[in-house]
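Build out the structure end to end from the sequences listed, making use of the hints.
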Amino acid sequence: MEKIIGLGRRKSSVAHASLSPIKDEKNKITINGKSPETFFPNKIIIQDMMQPLALLNEKAGYFEIKAKVDGGGFTGQAGAIRLAIANALVKYDKKLKKDLKAAKLITQDRRVKERKKFGKYGARRSPQFVKR
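End of the sequence shown = 136 in this note's numbering, gap-free, step of one.
No lab work stands behind these hints, which were simulated from the structure alone. As the structure is a prediction and not an experimental result, all values here were calculated from the model. Incorrect hints may appear among the rest.
[As the list claims (entries may be wrong)] Simulated pairs of lysine to any residue, SDA-like, Cα-Cα distance not exceeding 20 angstroms:
# : residue 1 : residue 2
1 : K124      : V134
2 : K98       : I9
3 : K105      : R115
[As the list claims (entries may be wrong)] Computed Cβ-Cβ distance ranges for the label pairs, DEER-style:
# : residue 1 : residue 2 : range
4 : K117      : N36       : 22 to 30 angstroms
5 : K30       : A127      : 38 to 46 angstroms
6 : P45       : E6        : 31 to 39 angstroms
7 : N46       : F133      : 36 to 44 angstroms
No residue lacks a Cβ here, since even glycine has one placed at the ideal position from N, Cα and C.
Encoded structure:
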């Protein structure tokens, strides 16, 4: 079977993940040509990124995943890759959508940084009030 490509976005990160089914009993993952352990600083972020695969390995099988991610920080990139993998799994098998949706892995998180407004120190903080 050919590659299945999924797209994911989180904060200011964009990720493309291509899945290829394999017969091994372990998922093979590369992110921008590196292993997840060298790309991300800690194991919790890697666990967060692997949620769709950990949930569905018995049903969907095992995959070779090549992800390309750009922009944002580590948590945004991990969230974008997670969504890209989930979208690719839905393209691979439509029956998996119900399980992924129940685990809230298909929903895109739309929260982004609010822009700075004039007269303010950040997006919302006002200058300190001076009485005298």
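Structure-based check of all given hints:
1. Note on K124 and V134: the hinted pairing holds, with a Cα-Cα distance of about 15 angstroms set against a maximum of 20 angstroms.
2. For the proposed pair K98 and I9, the alpha carbon gap of about 14 angstroms is at most 20 angstroms, so the pair holds.
3. A C-alpha spacing of about 19 angstroms is found between K105 and R115, which places the hinted pair at or below 20 angstroms, so the restraint holds.
4. Separated by about 23 angstroms at the C-beta atoms, K117 and N36 satisfy the suggested range of 22 to 30 angstroms.
5. Remark: the range hint 38 to 46 angstroms for K30 to A127 is upheld by a beta-carbon distance near 44 angstroms.
6. Between P45 and E6 the beta carbons are some 33 angstroms apart, a value that agrees with the proposed interval 31 to 39 angstroms.
7. Separation of N46 from F133 is about 41 angstroms and conforms to the stated range, judged on CB atoms against 36 to 44 angstroms.
The structure is consistent with each of the numbered hints, conforming to all of them.
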